[in-house]
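Student: Top line first, the protein sequences correspond to chains A and B.
Here the working numbering is used: position 67 in the first sequence is 67, and no number is missing along the way.
Here the working numbering is used: position 43 in the second sequence is 140, and no number is missing along the way.
Take these hints with a grain of salt, some might be off.
When the alpha-carbon atoms are kept at most 25 angstroms apart in a straight line, the in silico SDA-like pairs for lysine to any residue are as follows [as the list claims (entries may be wrong)]:
hint, chain 1, residue 1, chain 2, residue 2
1, B, K120, B, G190
2, A, K96, B, G184
3, B, K120, A, F61
4, B, K120, A, E69
5, A, K96, A, I80
6, B, K259, A, S75
7, B, K120, A, V19
8, B, K234, A, N52
9, B, K120, B, I182
10, B, K259, A, S88
11, B, K216, A, T39
12, A, K96, B, I182
13, B, K234, A, T39
14, A, K96, B, G183
15, B, K259, A, R85
16, A, K96, B, G222
17, B, K234, B, G222
18, B, K259, A, L20
19, B, K259, A, I80
20, B, K234, A, E3
21, B, K120, A, A83
22, B, K120, B, F101
23, B, K120, A, S79
24, B, K120, A, N52
25, A, K96, A, R84
26, A, K96, B, Q185
27, B, K120, B, V130
28, B, K216, A, V62
29, B, K120, A, R85
30, B, K120, A, V89
31, B, K234, B, A149
32, A, K96, A, R85
33, B, K234, A, R85
34, B, K259, B, R275
35, B, K234, A, L20
Just a sample of chain B residues kept apart from chain A, beta carbon distances all over 12 angstroms, derived [as the list claims (entries may be wrong)]:
hint, residue
36, L128
37, A211
38, R261
39, A291
Hints listed in this document are in silico derivations from the structure and should not be mistaken for laboratory results.
The structure displayed is predicted, hence computed values, not measured ones.
In this text, a Cβ means the ideal position worked out from N, Cα and C, and glycines have one as well.
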Amino acid sequence: MNEYITLSLILFTIGSVGVLVRRNAIVVFMCIELMLNATNLAFVSFSRQNGNLDGQVAAFFVMVVAAAEVVVGLSIIVSIYRARRSASVDEASLLKS
Amino acid sequence: MTAFWFLAPIMVIAALGLVFARKAVHAALCLAVVMISLAVLYAAQGAPFLFAVQIIVYTGAIMMLFLFVLMLVGVDSSDAVKETIGGQRLAAGIIGLIFGITVVLAIGQTVSGAVVGLKAANGNGNPYGLSELLFGKYVLAFEFTSALLITAALAAMVLAHKERLTVRHSQADIAARRMREYAESGRHPGPLPAPGVFARHNAVDTPALLPDGSPLESSVSDSIVGRGQVRQGFEDDIDRLVEQVGDEQPRDESFGGEK
Numbered sequence: 001m002n003e004y005i006t007l008s009l010i011l012f013t014i015g016s017v018g019v020l021v022r023r024n025a026i027v028v029f030m031c032i033e034l035m036l037n038a039t040n041l042a043f044v045s046f047s048r049q050n051g052n053l054d055g056q057v058a059a060f061f062v063m064v065v066a067a068a069e070v071v072v073g074l075s076i077i078v079s080i081y082r083a084r085r086s087a088s089v090d091e092a093s094l095l096k097s
Numbered sequence: 098m099t100a101f102w103f104l105a106p107i108m109v110i111a112a113l114g115l116v117f118a119r120k121a122v123h124a125a126l127c128l129a130v131v132m133i134s135l136a137v138l139y140a141a142q143g144a145p146f147l148f149a150v151q152i153i154v155y156t157g158a159i160m161m162l163f164l165f166v167l168m169l170v171g172v173d174s175s176d177a178v179k180e181t182i183g184g185q186r187l188a189a190g191i192i193g194l195i196f197g198i199t200v201v202l203a204i205g206q207t208v209s210g211a212v213v214g215l216k217a218a219n220g221n222g223n224p225y226g227l228s229e230l231l232f233g234k235y236v237l238a239f240e241f242t243s244a245l246l247i248t249a250a251l252a253a254m255v256l257a258h259k260e261r262l263t264v265r266h267s268q269a270d271i272a273a274r275r276m277r278e279y280a281e282s283g284r285h286p287g288p289l290p291a292p293g294v295f296a297r298h299n300a301v302d303t304p305a306l307l308p309d310g311s312p313l314e315s316s317v318s319d320s321i322v323g324r325g326q327v328r329q330g331f332e333d334d335i336d337r338l339v340e341q342v343g344d345e346q347p348r349d350e351s352f353g354g355e356k
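Go ahead and model the full structure; you've got the sequences and the hints to work with.
Tutor: Written as structure tokens, this is what we have:
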């Protein structure tokens, strides 16, 4: 059991480091997807450990929310790119005085 | 467990590739590898429904959306090599390592090894058990999910919408403008002549020939003219070919157009 959880934690950590390190907004977004997937793996593993399907339902809801989040996030990235011709997270610094 | 020990190193390497890949498309492919491997792990853990959903929703829809946006934004928009904050990558790596060790130790101690398994819960089949939960205990959350999806679709439409800055010309407007131009300046209202008409080639860079044999510049696209790629000379390969063949075969002078 611990192997699955450990793998999920490793993937989550790699995803969070990616969010901190990468500068391209789309890659940052992909790292967030990796973190969501890692939590899904943990949900499914805990579901098997506890012998009920609630964890799988939670993973299913995470997938639905992730799909909605990707749609909105990517359209925000596209509209930022249209306005500023760049997909780098460093470029979007309008709030900086 | 074989599937796990086979897939786990692949997944970790692909996830690291997501962090280290210079090009965004490579990162997307690495993420697709992680997602498909995760689907196999779901199947191995008694979740065949999530296995299908993972492949259809994540690798099928979400990854395709990512690749679409990558194509829209530009494949070569790779990361800047220069760090904007000094030592940020090193600091992020150290913090990530500390976070990983902490969380593995903490959760490794709390998770007990006893595994109940899903034999009983999946008794009527995994989709049946899931639907019983989804439409029973979690039906309210399920309804909210549908509202969320509709909101997301509307938000995407609003965000991707672009205001039209110029007046839209209808087909009737364009036709009226053409006839007006014809009346004022004598410009032909029909379409421009196609390149290559009556010429020896029908390639786009060969101007059409007028009945007197002179080339018609307006039959070639402006961009080709602008690049200076209009084929000027008509003394080209076909003439040479005819000369070579002409030694062996009698040449029919009445056949073939004039220059």
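Student: Does each hint hold? Answer for all of them.
Tutor: Comparing the hints with the structure gives:
1. Taken as a hint, the B/K120 and B/G190 pair is honoured in the structure, with Cα atoms around 20 angstroms apart against an allowance of 25 angstroms.
2. Our distance criterion of 25 angstroms between C-alpha atoms is met by A/K96 and B/G184, whose separation comes to about 21 angstroms.
3. Of the pairs offered as hints, the one joining B/K120 and A/F61 is violated, with about 31 angstroms between alpha carbons and a cut-off of 25 angstroms exceeded.
4. Restraint check: the Cα-Cα separation between B/K120 and A/E69 comes to about 23 angstroms, which is no more than 25 angstroms; the hinted pair holds.
5. As the CA atoms of A/K96 and A/I80 are separated by approximately 16 angstroms, the hinted pair is consistent with the 25 angstroms bound.
6. A C-alpha spacing of about 12 angstroms is found between B/K259 and A/S75, which places the hinted pair at or below 25 angstroms, so the restraint holds.
7. About 15 angstroms separates the Cα atoms of B/K120 and A/V19, which keeps this hinted pair within 25 angstroms; it holds.
8. A hinted pair counts as satisfied when its Cα atoms are at most 25 angstroms apart, and B/K234 with A/N52 qualifies at roughly 13 angstroms.
9. Taking the CA atoms of B/K120 and B/I182, the gap is near 21 angstroms; set against the 25 angstroms cutoff, the hint holds.
10. Straight-line distance between C-alpha atoms of B/K259 and A/S88 comes to about 22 angstroms, which keeps the hinted pair within the 25 angstroms bound.
11. At most 25 angstroms may separate the alpha-carbon atoms for a hinted pair to count; B/K216 and A/T39 meet this at roughly 23 angstroms.
12. Taking the CA atoms of A/K96 and B/I182, the gap is near 15 angstroms; set against the 25 angstroms cutoff, the hint holds.
13. A hinted pair counts as satisfied when its Cα atoms are at most 25 angstroms apart, and B/K234 with A/T39 qualifies at roughly 22 angstroms.
14. Using a Cα cut-off of 25 angstroms, the hinted pair A/K96 and B/G183 holds, with the two alpha carbons roughly 18 angstroms apart.
15. Distance restraint check for B/K259 and A/R85: the Cα-Cα separation of roughly 16 angstroms lies within the 25 angstroms cut-off, and the hinted pair is therefore satisfied.
16. Taken as a hint, the A/K96 and B/G222 pair is broken in the structure, with Cα atoms around 55 angstroms apart against an allowance of 25 angstroms.
17. A hinted pair counts as satisfied when its Cα atoms are at most 25 angstroms apart, and B/K234 with B/G222 qualifies at roughly 18 angstroms.
18. Straight-line distance between C-alpha atoms of B/K259 and A/L20 comes to about 32 angstroms, which puts the hinted pair past the 25 angstroms bound.
19. Between the alpha carbons of B/K259 and A/I80 the distance comes to roughly 13 angstroms, so the proposed pair stays at or under 25 angstroms and holds.
20. Under the criterion of a C-alpha separation no larger than 25 angstroms, the hint pairing B/K234 with A/E3 is inconsistent with the structure, at around 30 angstroms.
21. Note on B/K120 and A/A83: the hinted pairing holds, with a Cα-Cα distance of about 23 angstroms set against a maximum of 25 angstroms.
22. Between B/K120 and B/F101 the CA atoms are separated by roughly 29 angstroms; this puts the pair beyond 25 angstroms, and the hint is violated.
23. A threshold of 25 angstroms between alpha carbons decides the hint, and for B/K120 with A/S79 the separation of about 21 angstroms falls inside it, so the pair holds.
24. Proximity of B/K120 to A/N52 is assessed by CA-CA distance (about 42 angstroms); at most 25 angstroms being required, the pair is judged violated.
25. With a CA separation close to 16 angstroms, the supplied pair A/K96 and A/R84 stays within the 25 angstroms bound.
26. Between the alpha carbons of A/K96 and B/Q185 the distance comes to roughly 19 angstroms, so the proposed pair stays at or under 25 angstroms and holds.
27. Note on B/K120 and B/V130: the hinted pairing holds, with a Cα-Cα distance of about 16 angstroms set against a maximum of 25 angstroms.
28. Simply put, B/K216 and A/V62 have alpha-carbon atoms about 24 angstroms apart, close enough for the 25 angstroms limit, and the pair holds.
29. A threshold of 25 angstroms between alpha carbons decides the hint, and for B/K120 with A/R85 the separation of about 18 angstroms falls inside it, so the pair holds.
30. Restraint check for B/K120 and A/V89: satisfied, since their Cα atoms lie roughly 16 angstroms apart, inside the 25 angstroms limit.
31. For the proposed pair B/K234 and B/A149, the alpha carbon gap of about 23 angstroms is at most 25 angstroms, so the pair holds.
32. Between A/K96 and A/R85 the CA atoms are separated by roughly 19 angstroms; this keeps the pair inside 25 angstroms, and the hint holds.
33. For the hint pairing B/K234 with A/R85, the CA-to-CA distance comes to about 47 angstroms; that exceeds 25 angstroms, so the pair is violated.
34. Restraint check: the Cα-Cα separation between B/K259 and B/R275 comes to about 29 angstroms, which exceeds 25 angstroms; the hinted pair is violated.
35. Straight-line distance between C-alpha atoms of B/K234 and A/L20 comes to about 38 angstroms, which puts the hinted pair past the 25 angstroms bound.
36. At roughly 5 angstroms from the closest C-beta of chain A, the C-beta of B/L128 falls inside 12 angstroms, breaking its exclusion from the interface.
37. Look at B/A211: its CB is around 7 angstroms from the nearest CB on chain A, not clear of 12 angstroms, so calling it non-interface is violated.
38. For B/R261, the shortest C-beta to C-beta distance to chain A comes to about 15 angstroms, beyond the 12 angstroms cut-off, and the non-interface label holds.
39. The claim that B/A291 is not at the interface with chain A holds, since no C-beta of that chain comes within 12 angstroms of its own (minimum 36 angstroms).
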